[in-house]
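> What follows is each chain in one-letter form.
Number of protein chains: 4
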Amino acid sequence: MSANTFGTLFRLTTYGESHGPGLGGVIDGCPPGVELSEEIIQRELDRRKPGQGSASTARKESDTVRILSGVFEGRSTGTPIAFHIANEDQRSRDYSTISEVYRPGHADFTFDAKFGVRDYRGGGRSSGRETVSRVAGGAVAQALLARAGIAVTAYTLELGSVRAQIADPQGAQDRPFFAPDPDIVPRWEELVRETKGRGDTLGGIVEIVATGVPAGLGEPVFDKLDARLAYALMGVGAVKGVEIGSGFAAAQANGSTNNDPITPQGFASNNAGGILGGISSGQTIVARVAVKPIPSISREQQTITRSGEATTITVGGRHDIAAIPRINPVLKAMTLLTLADFWLLQKRNA
Amino acid sequence: MSANTFGTLFRLTTYGESHGPGLGGVIDGCPPGVELSEEIIQRELDRRKPGQGSASTARKESDTVRILSGVFEGRSTGTPIAFHIANEDQRSRDYSTISEVYRPGHADFTFDAKFGVRDYRGGGRSSGRETVSRVAGGAVAQALLARAGIAVTAYTLELGSVRAQIADPQGAQDRPFFAPDPDIVPRWEELVRETKGRGDTLGGIVEIVATGVPAGLGEPVFDKLDARLAYALMGVGAVKGVEIGSGFAAAQANGSTNNDPITPQGFASNNAGGILGGISSGQTIVARVAVKPIPSISREQQTITRSGEATTITVGGRHDIAAIPRINPVLKAMTLLTLADFWLLQKRNA
Amino acid sequence: MSANTFGTLFRLTTYGESHGPGLGGVIDGCPPGVELSEEIIQRELDRRKPGQGSASTARKESDTVRILSGVFEGRSTGTPIAFHIANEDQRSRDYSTISEVYRPGHADFTFDAKFGVRDYRGGGRSSGRETVSRVAGGAVAQALLARAGIAVTAYTLELGSVRAQIADPQGAQDRPFFAPDPDIVPRWEELVRETKGRGDTLGGIVEIVATGVPAGLGEPVFDKLDARLAYALMGVGAVKGVEIGSGFAAAQANGSTNNDPITPQGFASNNAGGILGGISSGQTIVARVAVKPIPSISREQQTITRSGEATTITVGGRHDIAAIPRINPVLKAMTLLTLADFWLLQKRNA
Amino acid sequence: MSANTFGTLFRLTTYGESHGPGLGGVIDGCPPGVELSEEIIQRELDRRKPGQGSASTARKESDTVRILSGVFEGRSTGTPIAFHIANEDQRSRDYSTISEVYRPGHADFTFDAKFGVRDYRGGGRSSGRETVSRVAGGAVAQALLARAGIAVTAYTLELGSVRAQIADPQGAQDRPFFAPDPDIVPRWEELVRETKGRGDTLGGIVEIVATGVPAGLGEPVFDKLDARLAYALMGVGAVKGVEIGSGFAAAQANGSTNNDPITPQGFASNNAGGILGGISSGQTIVARVAVKPIPSISREQQTITRSGEATTITVGGRHDIAAIPRINPVLKAMTLLTLADFWLLQKRNA
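Protein chains in written order, with the UniProt record's numbering: chain A, 1 to 350; chain B, 1 to 350; chain C, 1 to 350; chain D, 1 to 350.
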């Protein structure tokens with residue numbers, strides 16, 4: 001129950017606001033000997049940058065990571081790995097409006113209710129910028145899991161109501177919107193243009209896939225692998241739903257169609273999404289998340305001031321119009337962090 | 001990362017298999033002075049019993065709880081509250097088939113992969129029977145939260161593809177299937193009969209609602225209230241999806257329609273499901289889960305033996321044909337346990 | 001920060017008061033395949049019983065353990081191992097005095113200050129009887145560690161001011177007072193008689209020794225092996241001091257005499273007590289604890305009532321006159337639990 | 001069981017080696033509204049600097065702290081407070097000797113046994129330099145606890161075998177060696193000179209005192225306040241023993257002399273050291289630790305190389321000859337961190 005630490009054996013603790021000196025984190029529990037460098041982490045951070053599709057702004061953030069500890073001669077030492085990403089683009093702005101008015105759909109109201117004080121500059125701790133630390137942490141988990149042959153990818157299945165084919169998931173990482181389907185890109189670009197023109201924003205669905213996960217990860221009761229994945233993914237801002245395998249479709253299926261038959265060659269289908277009874281089955285793990293539209297819209301909205309008076313707000317500025325695609329590397333990172341934790345834990349039974 | 005403890009400040013540790021001496025748990029962290037008795041816990045356990053609708057078997061389980069510690073003169077003392085529920089209905093059976101064959105859709109294969117050893121009698125630790133301990137723990141959380149005016153209910157929104165109206169959620173607790181809609185009951189009964197006749201099983205959707213939750217519960221980054229709810233609910237066997245508020249529908253909405261306007265009288269809608277930025281807003285908290293059909297079907301299925309040879313299995317016996325409605329009190333309990341934890345944690349900021 | 005759970009990967013959660021239905025615990029995290037039975041646990045519980053020396057009372061407690069879960073066909077299954085020890089000797093007594101007066105040297109005053117409510121019967125949760133659960137848990141840890149060749153013993157070094165020779169530590173387990181020195185037994189018996197005659201009580205020093213611990217257990221910063229041992233041992237009632245290796249004597253030594261020279265055959269001395277920089281060195285681990293005299297004396301003492309008025313109290317009854325020797329198996333158990341946790345954790349780096 | 005996080009509700013996670021970019025930490029769980037600044041933290045860091053007595057070297061370390069997050073307009077916001085202290089004095093040195101030879105009394109051997117890899121520059125993570133992060137974290141805890149009237153001090157009771165009178169503990173903070181006795185200072189200076197002349201080093205005893213702690217902090221079973229203090233203090237490098245109140249002297253006392261009588265005006269003595277049954281009594285909390293002599297001596301010592309061959313080593317260089325007095329602010333910080341955690345936890349029962 002800590003706001004800012006994720007994991008038990010492979011632990012990421014993060015800090016930082018969008019408008020202070022910077023953001024960062026400490027990874028505790030990474031075994032010694034894992035190949036690590038600033039380049040390895042930077043590569044993942046770069047995937048999170050604006051410009052992965054027209055849904056993102058052109059705001060310039062170099063997001064350069066610096067490793068502060070725990071790496072010696074190109075490898076982890078087993079001691080905490082700290083990293084820091086300095087904030088660069090801190091234009092001097094006038095926050096007087098935002099500091100006194102709650103933006104609908106944002107955490108402004110609830111943050112104030114919780115803490116009674118709020119670093120309102122750019123969303124403070126509840127800004128999406130907080131996720132750089134998650135992506136950096138996920139990069140370390142990725143380096144650890146790569147040694148075990150475990151890999152994770154995330155691609156966009158749906159933007160607004162326009163659904164992609166999973167035609168080429170391998171190519172998604174290098175495609176706008178992390179699209180698994182080359183043909184969908186122009187349609188999504190058109191959708192973004194049109195929505196932007198109306199001063200509105202878009203949601204969507206992201207699918208996360210983990211391959212190479214051995215059977216046996218996850219715990220049978222509370223710490224089911226799917227429960228921890230749901231925790232990890234729902235903990236990313238803007239996510240409103242998580243499903244595993246056949247997910248909500250399973251609610252309408254019958255046992256005879258939803259069960260995955262087992263053959264000497266393996267499971268004959270994967271409605272389970274690679275997890276049975278909370279434990280990985282050795283199949284590909286498949287999760288999907290629902291991402292809500294970004295609440296910052298340039299249309300006028302009804303709201304109240306901190307003192308409770310009715311007012312309206314129009315949130316302009318350099319905002320993305322969808323959390324997709326920038327949320328994809330974050331969801332990938334959270335999945336990696338979850339798997340790293342379970343992978344280390346399962347060694348206990350060795 | 002413990003298989004069997006849930007929560008940080010309000011902690012439930014559970015134990016027990018379906019065919020040993022019994023099941024139970026220990027609640028650690030309940031403040032002193034909460035009114036408690038075996039009757040208070042028993043009332044919730046009784047809601048979980050078979051017979052809440054024709055989807056459940058007529059199997060007799062008295063599930064009588066005994067408090068072993070932590071309650072003195074009708075109130076909690078602040079020390080651990082242990083409780084035990086003896087197993088009664090342990091018919092001597094022949095498990096030779098189940099012990100050597102993996103049932104599709106069950107944890108048999110993955111449990112074996114994880115532990116290398118398995119108490120195969122009745123599903124062992126991965127049996128649904130494990131959830132009695134959760135319900136008992138939830139009853140204690142309910143007694144604690146009642147003092148703060150927080151209440152939780154769970155009702156069935158959908159069985160198979162047949163959806164209820166939320167016409168009378170208050171009455172759901174005393175209605176077959178925990179149905180919020182009196183008119184749906186005969187239709188669900190017919191659906192159950194028909195599905196049973198085909199030797200098949202059903203899934204569905206349960207909605208969980210928490211009222212009286214003050215604004216400010218939940219933590220802004222990893223331990224978002226919705227993230228912890230997702231963890232709690234996805235950790236219940238058979239759950240394959242969790243959504244909060246508008247959930248997966250949010251993926252197709254626009255910011256202008258999905259944002260909840262704020263007025264001096266409160267929020268004008270509740271697409272957020274009572275949670276903004278991971279923190280409760282003071283509105284009703286709304287979650288929905290997808291429940292997969294029970295994998296034990298009386299139709300022949302393709303599978304393998306422990307030694308990897310192809311075979312078939314037909315799972316007969318006294319099985320429910322849907323996890324609904326018996327899963328409802330379990331989902332309610334998990335929500336209560338989650339809220340109790342956050343409620344105690346928030347006192348830290350007082 | 002849980003009152004009643006010890007450990008992270010090998011976790012013991014305990015419950016129970018001296019005058020309720022019973023006491024017990026749940027062990028979570030024991031790997032599958034460890035040989036376990038009620039006999040194995042009972043053997044350790046029997047060492048804690050009264051009658052290990054004349055310092056203990058003749059009170060009859062059978063302390064019979066029952067395993068409730070987690071063991072199947074003579075071995076652990078990897079799921080939680082619950083055990084229960086029913087209270088038997090609950091003579092109906094008059095607690096009206098104790099319920100309203102704070103006994104000096106006991107937790108009566110502080111318990112009341114903390115919880116505002118108190119199960120005053122026999123000390124409630126702060127009774128020494130609580131330690132049966134620790135000893136049972138330690139027995140499971142012992143079974144796990146035995147597979148790795150790790151063993152722990154505890155013997156009495158000093159009773160009052162009378163010090164033993166560590167002449168025969170192996171024989172201590174079967175000797176009155178867990179005396180490592182056969183010749184000291186009659187002297188300690190005389191000391192006990194004489195102290196009892198004066199209506200007074202005795203303290204002493206216990207030494208705990210762990211052999212077979214491989215080099216590498218413990219963490220370099222906060223979770224040093226010695227820090228966790230200090231936590232484990234100081235967490236036993238009546239313990240007022242803990243030292244490792246040369247301990248307090250190191251404060252007066254010089255570096256040239258306190259350092260242990262290293263040779264190709266191993267360390268040439270063991271002032272470090274088997275731990276360097278918080279990490280086990282492969283040498284024998286040596287800890288000593290100071291045990292205060294039992295506060296229940298039959299002489300009149302000055303105290304106050306719950307309402308704050310001056311009064312006196314004379315605590316008669318069936319009380320031991322020293323926590324030694326019954327504390328020895330408890331200290332052994334806490335050391336075993338600590339080592340089991342670190343042993344499982346170190347596998348993460350494998 | 002994390003090497004690098006301390007606490008549950010008030011959590012300090014630290015990182016850094018003596019010869020990387022720097023050291024620092026993240027405090028998670030500090031309530032909002034606590035007055036904080038770099039100056040407040042710097043003040044405590046300055047107490048840890050060399051020059052607090054002739055036992056310390058003249059090495060120059062500016063140890064300038066920078067707050068990276070969690071403080072806004074002079075107060076904590078409730079979000080993580082990260083701080084960083086850059087390493088400055090990193091003379092280019094030749095570590096070829098140290099990298100291949102284990103220094104007796106240091107963690108070199110055990111670190112290698114644990115991790116298989118070692119950042120040997122200046123002791124790496126097991127360097128005393130690691131404690132700057134603890135002192136910075138303690139300063140935040142101090143600011144929090146000050147609001148509740150809780151204060152902690154640490155002073156030197158004994159250097160070598162020369163014991164101070166506790167004549168003026170208030171003045172100790174501004175006196176060489178943190179001496180509570182002005183008259184002892186010249187004698188300790190002489191002792192240091194003489195020991196240095198012999199190429200040797202000194203140990204000692206530090207007493208830590210906490211005032212203003214309300215009755216009721218601490219948990220009755222495992223998480224006793226004294227158990228957690230023992231963990232906190234034994235977790236500081238060089239500490240080999242911890243005692244509370246009468247400590248090891250209690251082992252030789254009788255119940256009649258060791259019990260603290262209770263009067264309407266309070267306890268008549270404080271052998272308990274302010275803790276009864278693991279819970280604070282409202283009296284002053286008193287702990288003492290034994291500090292071993294620094295193992296780096298300029299006399300030749302017997303040791304082995306990493307490959308196991310016999311050799312000798314002489315550790316010269318800029319080394320303190322006693323961990324005292326620089327360890328005093330570290331012990332104070334660990335006590336503050338422990339109390340902050342319990343203080344927040346006890347609010348749960350409010």
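Keep in mind that the hints were calculated from the coordinates and are not lab data. None of the values given here were measured: they were computed from a predicted structure. All C-beta atoms, glycine included, are put in the ideal place defined by N, C-alpha and C. Any given hint could turn out to be false.
Claimed, not checked - What follows is a set of in silico ranges between Cβ atoms, one per label pair, in the way DEER data are often shown:
{"#": "1", "chain 1": "D", "residue 1": "R66", "chain 2": "A", "residue 2": "G116", "range": "25 to 31 Å"}
{"#": "2", "chain 1": "A", "residue 1": "K347", "chain 2": "D", "residue 2": "A268", "range": "52 to 58 Å"}
{"#": "3", "chain 1": "D", "residue 1": "E88", "chain 2": "C", "residue 2": "Q265", "range": "41 to 47 Å"}
{"#": "4", "chain 1": "A", "residue 1": "G116", "chain 2": "C", "residue 2": "S99", "range": "39 to 45 Å"}
{"#": "5", "chain 1": "D", "residue 1": "Q265", "chain 2": "B", "residue 2": "A148", "range": "34 to 40 Å"}
{"#": "6", "chain 1": "A", "residue 1": "A249", "chain 2": "B", "residue 2": "T211", "range": "26 to 32 Å"}
{"#": "7", "chain 1": "C", "residue 1": "E300", "chain 2": "D", "residue 2": "E39", "range": "53 to 59 Å"}
Stated by the list, open to error - Okay, derived cross-link-like pairs now, DSSO-like style, lysine-lysine, Cα gap no bigger than 27 Å in a straight line:
{"#": "8", "chain 1": "B", "residue 1": "K49", "chain 2": "B", "residue 2": "K196"}
{"#": "9", "chain 1": "C", "residue 1": "K347", "chain 2": "A", "residue 2": "K347"}
{"#": "10", "chain 1": "B", "residue 1": "K347", "chain 2": "D", "residue 2": "K347"}
{"#": "11", "chain 1": "A", "residue 1": "K196", "chain 2": "A", "residue 2": "K49"}
{"#": "12", "chain 1": "C", "residue 1": "K49", "chain 2": "C", "residue 2": "K196"}
{"#": "13", "chain 1": "D", "residue 1": "K49", "chain 2": "D", "residue 2": "K196"}
> Confirm or reject each hint.
Verification of the hints:
1. D:R66 x A:G116: 25 to 31 Å: 26 Å, holds
2. A:K347 x D:A268: 52 to 58 Å: Holds: the Cβ-Cβ distance is about 54 Å, inside 52 to 58 Å.
3. D:E88 x C:Q265: 41 to 47 Å: 42 Å Cβ-Cβ, so the 41 to 47 Å window holds.
4. A:G116 x C:S99: 39 to 45 Å: Since the Cβ atoms of G116 (chain A) and S99 (chain C) sit about 42 Å apart, the hinted range of 39 to 45 Å holds.
5. D:Q265 x B:A148: 34 to 40 Å: Check passed, 38 Å falls within 34 to 40 Å.
6. A:A249 x B:T211: 26 to 32 Å: Holds, at about 30 Å.
7. C:E300 x D:E39: 53 to 59 Å: 55 Å, holds
8. B:K49 x B:K196: Holds, at about 20 Å.
9. C:K347 x A:K347: 6 Å, holds
10. B:K347 x D:K347: 6 Å, holds
11. A:K196 x A:K49: The given pair, whose Cα atoms are some 20 Å apart, holds under the 27 Å limit.
12. C:K49 x C:K196: Status holds; Cα separation ~20 Å.
13. D:K49 x D:K196: Answer holds: K49 (chain D) to K196 (chain D) is near 20 Å, not above 27 Å.
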